[in-house]
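2 protein chains.
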Amino acid sequence: MSKLQGYHLAIMGATGAVGQQILKTLEKRDFPIRKLSLLSSARSAGKEITFKGQTIIVEEAVPEAFEGVDIALFSAGGSISEKFAHEAVKRGAIVIDNTSAFRMNPEVPLVVPEVNEQALHGHNGIIANPNCSTIQMVAALEPIKKAYGLQKVVVSTYQAVSGAGAAAINELEEQTNAILNNEDFSPSVLPVGSADKHYQIAFNVIPQIDQFSDNGFTLEELKMINETKKIMEMPDLKVAATCVRLPVETGHSESVYIEIEKDHVEVEDIKNTLLNAPGVTLQDKPTEQLYPMPAMAAGKEDVFVGRIRKDLDEETGFHMWIVSDNLLKGAALNTIQIAESLIKLGLVSNKQYS
Amino acid sequence: MSKLQGYHLAIMGATGAVGQQILKTLEKRDFPIRKLSLLSSARSAGKEITFKGQTIIVEEAVPEAFEGVDIALFSAGGSISEKFAHEAVKRGAIVIDNTSAFRMNPEVPLVVPEVNEQALHGHNGIIANPNCSTIQMVAALEPIKKAYGLQKVVVSTYQAVSGAGAAAINELEEQTNAILNNEDFSPSVLPVGSADKHYQIAFNVIPQIDQFSDNGFTLEELKMINETKKIMEMPDLKVAATCVRLPVETGHSESVYIEIEKDHVEVEDIKNTLLNAPGVTLQDKPTEQLYPMPAMAAGKEDVFVGRIRKDLDEETGFHMWIVSDNLLKGAALNTIQIAESLIKLGLVSNKQYS
Numbered sequence: 001m002s003k004l005q006g007y008h009l010a011i012m013g014a015t016g017a018v019g020q021q022i023l024k025t026l027e028k029r030d031f032p033i034r035k036l037s038l039l040s041s042a043r044s045a046g047k048e049i050t051f052k053g054q055t056i057i058v059e060e061a062v063p064e065a066f067e068g069v070d071i072a073l074f075s076a077g078g079s080i081s082e083k084f085a086h087e088a089v090k091r092g093a094i095v096i097d098n099t100s101a102f103r104m105n106p107e108v109p110l111v112v113p114e115v116n117e118q119a120l121h122g123h124n125g126i127i128a129n130p131n132c133s134t135i136q137m138v139a140a141l142e143p144i145k146k147a148y149g150l151q152k153v154v155v156s157t158y159q160a161v162s163g164a165g166a167a168a169i170n171e172l173e174e175q176t177n178a179i180l181n182n183e184d185f186s187p188s189v190l191p192v193g194s195a196d197k198h199y200q201i202a203f204n205v206i207p208q209i210d211q212f213s214d215n216g217f218t219l220e221e222l223k224m225i226n227e228t229k230k231i232m233e234m235p236d237l238k239v240a241a242t243c244v245r246l247p248v249e250t251g252h253s254e255s256v257y258i259e260i261e262k263d264h265v266e267v268e269d270i271k272n273t274l275l276n277a278p279g280v281t282l283q284d285k286p287t288e289q290l291y292p293m294p295a296m297a298a299g300k301e302d303v304f305v306g307r308i309r310k311d312l313d314e315e316t317g318f319h320m321w322i323v324s325d326n327l328l329k330g331a332a333l334n335t336i337q338i339a340e341s342l343i344k345l346g347l348v349s350n351k352q353y354s
Numbered sequence: 001m002s003k004l005q006g007y008h009l010a011i012m013g014a015t016g017a018v019g020q021q022i023l024k025t026l027e028k029r030d031f032p033i034r035k036l037s038l039l040s041s042a043r044s045a046g047k048e049i050t051f052k053g054q055t056i057i058v059e060e061a062v063p064e065a066f067e068g069v070d071i072a073l074f075s076a077g078g079s080i081s082e083k084f085a086h087e088a089v090k091r092g093a094i095v096i097d098n099t100s101a102f103r104m105n106p107e108v109p110l111v112v113p114e115v116n117e118q119a120l121h122g123h124n125g126i127i128a129n130p131n132c133s134t135i136q137m138v139a140a141l142e143p144i145k146k147a148y149g150l151q152k153v154v155v156s157t158y159q160a161v162s163g164a165g166a167a168a169i170n171e172l173e174e175q176t177n178a179i180l181n182n183e184d185f186s187p188s189v190l191p192v193g194s195a196d197k198h199y200q201i202a203f204n205v206i207p208q209i210d211q212f213s214d215n216g217f218t219l220e221e222l223k224m225i226n227e228t229k230k231i232m233e234m235p236d237l238k239v240a241a242t243c244v245r246l247p248v249e250t251g252h253s254e255s256v257y258i259e260i261e262k263d264h265v266e267v268e269d270i271k272n273t274l275l276n277a278p279g280v281t282l283q284d285k286p287t288e289q290l291y292p293m294p295a296m297a298a299g300k301e302d303v304f305v306g307r308i309r310k311d312l313d314e315e316t317g318f319h320m321w322i323v324s325d326n327l328l329k330g331a332a333l334n335t336i337q338i339a340e341s342l343i344k345l346g347l348v349s350n351k352q353y354s
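Residue numbers (the UniProt record's numbering), protein chains in the order written: chain A, 1 to 354; chain B, 1 to 354.
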């Protein structure tokens, strides 16, 4: 093999919604790749995918497919990660996993590079990419925490259907068409494909994302709560979440209420802090009706923050509105940024040279 | 004139979205009417409206149109109320006003009958119907306050376009069609008809309802904050709101976080309290995926509450999800319930007998 520049990357789940975004984002960022292995279930194996003008045939994922791989990006569901991540690590790859399989494992760093890149030093082969809703929130909250301290977070989400995969996008479009044309329809994907009941999403709002746990919170809500504490390294931070699915294709929005530690902080202080925050774009000019919206954030890499207000009754309380593309910063982009951080920190061994 | 049973009702704004719902609801509840005057702007005058099988011609609103009227229901915008409400009162009518014109006037009771019917005794001719988002929230919070005390409320809303009138409903439908058919469109109604900028609502989320005030809150958010304190007679209650418009036709949803006064209250206590609350229907069985949704609440009279959870980090914190038809309990129905309460309490003089 010629000494091409870059790393041997494997993408597990290459044909899925996030896998496709990963490929687009790798191209766009010109990630240093010398070899690209596209892996999938047996069902999708054999499909052809074009990457930088070259046709690559998708292979069925088997343990041996990870031989020689430097970095493996997993986004094919938790059970696939549980089955194959350790096989990849055993063969010397670093796995960046985009599922919830390992996120709360204390041995596994859970990373948003703008927030806790240093946690990568403690990795044992697997690094977890957080939940989409968590990523965009902690990107905005970390700089506030650093400047003013943080005591409490209450978030209500407005989440796009693309977070539930390509089938959910199709369901939204087909149902919307059916309703506008006065035709019958029969929901089968949302809120959760495997759940007993499915509900209309077109022109509706579903306050359930993922399954329910015994305490009445959904798993999505618990992910936001627990992952936020882990990423921000604040086990005692008070965090609560209500996660809601909307008839929006791409772009998660969040209404976030926080209580900080310092007194006498003003809206302009928070705005100035976010103006200089990495990965964050401030969109906050009420007089010009400038605030973030998913239709405008889709396809963009940043986390957009606006509607920042000081609570009228609580001296340390603030409100804000956070929007980001759930497939980009919420998934594909953050995954690739983790890989870039690993390279920057010298934490990836390039097998070509080893 | 024959001694027919009932009252002489006038409806100001009879041809609007709320006016139409008022007429439907009066029919449905068999409200005691001996004479019905339908009033509107000059533009809509002359239209014919069928009520209980009879055709009524809409008249242009002039002060003299209120002669002999017992109860006048206003829902034609704040400036119309400011112009005509006192004219109606001067002629002996009781005005129930569905605009924001008089809501925060200390002389004017602001009433949700399940919550503060007793406030009607203090009326001086005008009674205000609260903002739609406020009504459904206080209907659920009042029984909780009575049982456990209430210290803090943080609400994020998910509001339907019908709250912005018939033009907004048309805009949502036309835009949705345009996007599905890959056609151009040009927003002109939402978020605020008279604002400088208009944004896409189809498959999008707009975090602006009504104009902005100088403190960064919108007028809709300030309505929720101030009206909640007035209706619940809790000037020191901490209330904050973030109000958001969604691509939903009818039915407002609210993600509500509260802190109560009592310790050691459990989710089951809150559920039992709401199970017996007037005007409230509990829809809260996570194991059966039972929770309120706007598509199912539209056309129904009750306020639906579900997703009740105890906060995991705050002993007195609870979360809930409140949904109601914004045109019914949020507007037309509550207006008529106020009229019914006035009659029940003997506060309306029937001019036929006076």
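Because the hints were derived from the structure by calculation, they are not lab data.
A hint or two may mislead.
Treat identical chains as interchangeable: a pair holds within one or across any two.
[Stated by the list, open to error] Under the rule of at most 20 Å between Cα atoms (straight-line distance), these lysine to aspartate or glutamate pairs were calculated in the EDC-like manner: (1) K344 with E288; (2) K146 with E173; (3) K229 with E117; (4) K229 with E314; (5) K90 with E60.
Hints versus structure:
| no. | hint | in the structure |
| --- | --- | --- |
| 1 | K344 with E288 | neither (40 Å within a copy, 49 Å between copies) |
| 2 | K146 with E173 | neither (42 Å within a copy, 45 Å between copies) |
| 3 | K229 with E117 | within (15 Å within a copy, 45 Å between copies) |
| 4 | K229 with E314 | between (23 Å within a copy, 15 Å between copies) |
| 5 | K90 with E60 | within (19 Å within a copy, 82 Å between copies) |
Violation of the numbered hints given earlier is confined to hints 1, 2; the remaining hints are satisfied by the structure.
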